Structure formats: C-alpha cells, structure tokens
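Q: Based on the sequences and whatever the hints tell you, model everything.
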Amino acid sequence: MSVNTIKSVSQAVATVVGKYGTVTVAYVQETDAWRRTFLSSKAAAEFTAAVEKEAKSGALGPDVTTVALMRTPHESDKDARTHWTAFAVKNNDLNQGTTRHIV
Numbered sequence: 117m118s119v120n121t122i123k124s125v126s127q128a129v130a131t132v133v134g135k136y137g138t139v140t141v142a143y144v145q146e147t148d149a150w151r152r153t154f155l156s157s158k159a160a161a162e163f164t165a166a167v168e169k170e171a172k173s174g175a176l177g178p179d180v181t182t183v184a185l186m187r188t189p190h191e192s193d194k195d196a197r198t199h200w201t202a203f204a205v206k207n208n209d210l211n212q213g214t215t216r217h218i219v
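To convert, count from 1 in the sequence shown and add 116; that's the numbering used here.
Note that these hints are calculated values from the structure, not bench results. These figures come from a predicted structure and were not determined experimentally. Be a bit skeptical, because a hint or two may be false.
[Claimed, not checked] Derived DSBU-like pairs (lysine-lysine); straight-line CA-CA distance at most 30 Å:
| id | residue 1 | residue 2 |
| --- | --- | --- |
| 1 | Lys-135 | Lys-206 |
| 2 | Lys-123 | Lys-169 |
| 3 | Lys-135 | Lys-169 |
| 4 | Lys-158 | Lys-172 |
| 5 | Lys-172 | Lys-135 |
| 6 | Lys-158 | Lys-169 |
| 7 | Lys-206 | Lys-169 |
| 8 | Lys-135 | Lys-123 |
| 9 | Lys-194 | Lys-206 |
A: Pasting the structure below:
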C-alpha cells in the first residue's frame, strides 16, 4: 500500500487508557487519494480492542495521542501477520503522525 497524505481524522470513536495515558481511537476520513465516510460499529469495536492492547503494552510510545484506522485487517507481502494499518498521531499534531501496523 502506498502512503497517502492524511488530510483529516474522524472524531473519537473511543478512548483507551494505556501505559502512558489516554489514547483517542479514530479513523482516517480523508487522504489525498481516498475518503472514508463511515466506519462500522463492528470494525470500530475490533480496532479499539487492538489499539487498547497496544496502548496497555506501551508499544505505542509516550507521545501517541490518537490512533486512526487506515485499513481493516489484512496481510501484506512485507508483513504476513494479519494486521490493521493505522496512523499514529503524536502530540495531537497530524504532521507528526506515522503509519504503523497494529496486530
């Protein structure tokens, strides 16, 4: 998957408490290549559980304030694990975000 410029992230679908504090769970609404207008409640619940696991383990790091879903669970040539592709926003600044896999 090519990396797209993130233009907007949804409002919170959930918040979780992790090792370093509270993390907002959201989804990417728009990039320079596509737009998502809706996230199913099932996908939101499953993604929230995955983010909570990562947050509690400390894997997200101390500066991540929001984790936004980019792609639902899938495998790729570079990562054979079934994973979510997410955009991790640091310090509430979209310009400091990075793409990562959440398993």
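Q: Each hint: holds or not?
A: Hint check:
| no. | hint | result |
| --- | --- | --- |
| 1 | Lys-135 x Lys-206 | holds, 15 Å |
| 2 | Lys-123 x Lys-169 | holds, 27 Å |
| 3 | Lys-135 x Lys-169 | holds, 10 Å |
| 4 | Lys-158 x Lys-172 | holds, 21 Å |
| 5 | Lys-172 x Lys-135 | holds, 5 Å |
| 6 | Lys-158 x Lys-169 | holds, 17 Å |
| 7 | Lys-206 x Lys-169 | holds, 18 Å |
| 8 | Lys-135 x Lys-123 | holds, 28 Å |
| 9 | Lys-194 x Lys-206 | holds, 24 Å |
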